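Visitor: Input sequences plus hints: build the corresponding full structure.
Under UniProt numbering, the sequence shown has 7 at position 7, and the numbering climbs by one with no breaks.
Because the hints were derived from the structure by calculation, they are not lab data.
If you're wondering where the values come from, they're calculated on a predicted model, not measured in any experiment.
It is possible that some hints are incorrect.
[Claimed, not checked] Computed cross-link-like contacts, BS3-like style, restricted to lysine-lysine with a CA-CA straight-line distance of at most 27 angstroms:
hint: 1; residue 1: LYS163; residue 2: LYS86
hint: 2; residue 1: LYS163; residue 2: LYS199
hint: 3; residue 1: LYS74; residue 2: LYS108
hint: 4; residue 1: LYS126; residue 2: LYS182
hint: 5; residue 1: LYS188; residue 2: LYS199
hint: 6; residue 1: LYS99; residue 2: LYS47
hint: 7; residue 1: LYS182; residue 2: LYS198
hint: 8; residue 1: LYS125; residue 2: LYS74
hint: 9; residue 1: LYS108; residue 2: LYS123
hint: 10; residue 1: LYS126; residue 2: LYS45
hint: 11; residue 1: LYS138; residue 2: LYS125
hint: 12; residue 1: LYS74; residue 2: LYS175
hint: 13; residue 1: LYS175; residue 2: LYS125
hint: 14; residue 1: LYS194; residue 2: LYS163
hint: 15; residue 1: LYS117; residue 2: LYS45
hint: 16; residue 1: LYS74; residue 2: LYS199
hint: 17; residue 1: LYS32; residue 2: LYS117
hint: 18; residue 1: LYS163; residue 2: LYS175
hint: 19; residue 1: LYS45; residue 2: LYS75
hint: 20; residue 1: LYS32; residue 2: LYS45
hint: 21; residue 1: LYS86; residue 2: LYS68
hint: 22; residue 1: LYS47; residue 2: LYS126
hint: 23; residue 1: LYS136; residue 2: LYS86
hint: 24; residue 1: LYS47; residue 2: LYS164
hint: 25; residue 1: LYS75; residue 2: LYS199
hint: 26; residue 1: LYS163; residue 2: LYS138
hint: 27; residue 1: LYS182; residue 2: LYS45
hint: 28; residue 1: LYS47; residue 2: LYS74
hint: 29; residue 1: LYS136; residue 2: LYS74
hint: 30; residue 1: LYS68; residue 2: LYS123
hint: 31; residue 1: LYS108; residue 2: LYS188
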Amino acid sequence: MEKNVVLKWCHFRGAYQSKKEAITVVNKNNNKPNVLDVTNYIIIKFKNNNENLTHMKLHKLIYYSYVKYLIEYKKRLILERPKAWKYGPVFGELYFILKDYFEKPIVKPLCDGRSQKIITDEKRKKIIDEVLLLCKNKTAIELSNISHQQTPWDETYHYYRYKKNDSTILDEDLKNFFSNHKLLETIKQDELQKNFKKKFGIFGKDWW
Numbered sequence: 001m002e003k004n005v006v007l008k009w010c011h012f013r014g015a016y017q018s019k020k021e022a023i024t025v026v027n028k029n030n031n032k033p034n035v036l037d038v039t040n041y042i043i044i045k046f047k048n049n050n051e052n053l054t055h056m057k058l059h060k061l062i063y064y065s066y067v068k069y070l071i072e073y074k075k076r077l078i079l080e081r082p083k084a085w086k087y088g089p090v091f092g093e094l095y096f097i098l099k100d101y102f103e104k105p106i107v108k109p110l111c112d113g114r115s116q117k118i119i120t121d122e123k124r125k126k127i128i129d130e131v132l133l134l135c136k137n138k139t140a141i142e143l144s145n146i147s148h149q150q151t152p153w154d155e156t157y158h159y160y161r162y163k164k165n166d167s168t169i170l171d172e173d174l175k176n177f178f179s180n181h182k183l184l185e186t187i188k189q190d191e192l193q194k195n196f197k198k199k200f201g202i203f204g205k206d207w208w
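Guide: Below, the structure written as structure tokens:
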């Protein structure tokens, strides 16, 4: 088991100023691409196509790539699992690295001190490319809103985050939903609430 401390950008942002900003990542499988490997693959794709890529949209693209890979190959695209945060699914490690970007375009590959892997696996590349094409004309806000109208984020954010103090979106919940729905398919709010109450005995808003 290898522990890595995330401290810097490849394109020189400098070291973080406090230990609180350093993220310890435990990677049990160094052969599997991590979230930054997928991030850099997407950044380069956008740069080559002269398209702008923002912090928020990047998370959603990785999330839907994670989902699609999970459904098609029954295993994770990367080791880290998505979290249900306010503006949709987020990957914690990546968020803290990019937190100062806000809406500024991301144009250069990132580095965290670990050796970076170029994604050569054709299955992973195929899935990511398909998601990029599917989401090409969607804004970050649109993708965030879509994720809010899907069961995995809704139940995790409005129930498990409070009941179990855990905002991790479980693979099983992703499989259950996306095995029966298209990747960007949404559920009407009243149906989400109905399903939520049936499963948990309360409405999601009752936790607020």
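Visitor: Could you run down the list of hints and mark each one as holding or not?
Guide: Consistency of the hints with the structure:
1. LYS163 with LYS86: holds, 16 angstroms
2. LYS163 with LYS199: holds, 14 angstroms
3. LYS74 with LYS108: violated, 31 angstroms
4. LYS126 with LYS182: The given pair, whose Cα atoms are some 17 angstroms apart, holds under the 27 angstroms limit.
5. LYS188 with LYS199: OK: LYS188 and LYS199 at ~17 angstroms, within 27 angstroms.
6. LYS99 with LYS47: Roughly 20 angstroms between the alpha carbons, so the hint for LYS99 and LYS47 holds.
7. LYS182 with LYS198: Given pair LYS182, LYS198 holds - Cα atoms ~23 angstroms apart, limit 27 angstroms.
8. LYS125 with LYS74: holds, 16 angstroms
9. LYS108 with LYS123: Roughly 24 angstroms separates the two Cα atoms, so the pair holds.
10. LYS126 with LYS45: At roughly 13 angstroms apart (the allowed maximum being 27 angstroms), LYS45 and LYS126 satisfy the hint.
11. LYS138 with LYS125: holds, 20 angstroms
12. LYS74 with LYS175: Holds, at roughly 9 angstroms.
13. LYS175 with LYS125: holds, 21 angstroms
14. LYS194 with LYS163: At roughly 19 angstroms apart (the allowed maximum being 27 angstroms), LYS163 and LYS194 satisfy the hint.
15. LYS117 with LYS45: Given pair LYS117, LYS45 holds - Cα atoms ~15 angstroms apart, limit 27 angstroms.
16. LYS74 with LYS199: holds, 25 angstroms
17. LYS32 with LYS117: holds, 9 angstroms
18. LYS163 with LYS175: With Cα atoms ~22 angstroms apart, LYS163 and LYS175 stay inside 27 angstroms; holds.
19. LYS45 with LYS75: OK: LYS45 and LYS75 at ~24 angstroms, within 27 angstroms.
20. LYS32 with LYS45: Answer holds: LYS32 to LYS45 is near 20 angstroms, not above 27 angstroms.
21. LYS86 with LYS68: holds, 22 angstroms
22. LYS47 with LYS126: holds, 18 angstroms
23. LYS136 with LYS86: Given pair LYS136, LYS86 holds - Cα atoms ~23 angstroms apart, limit 27 angstroms.
24. LYS47 with LYS164: violated, 40 angstroms
25. LYS75 with LYS199: Roughly 26 angstroms between the alpha carbons, so the hint for LYS75 and LYS199 holds.
26. LYS163 with LYS138: violated, 33 angstroms
27. LYS182 with LYS45: With Cα atoms ~24 angstroms apart, LYS182 and LYS45 stay inside 27 angstroms; holds.
28. LYS47 with LYS74: Not satisfied, since the Cα-Cα distance of roughly 30 angstroms exceeds 27 angstroms.
29. LYS136 with LYS74: Satisfied, since the Cα-Cα distance of roughly 25 angstroms is no more than 27 angstroms.
30. LYS68 with LYS123: Roughly 11 angstroms between the alpha carbons, so the hint for LYS68 and LYS123 holds.
31. LYS108 with LYS188: Judged against 27 angstroms, a Cα distance of about 38 angstroms means the pair is violated.
Consistency note: the structure conflicts with the earlier hints numbered 3, 24, 26, 28 and 31.
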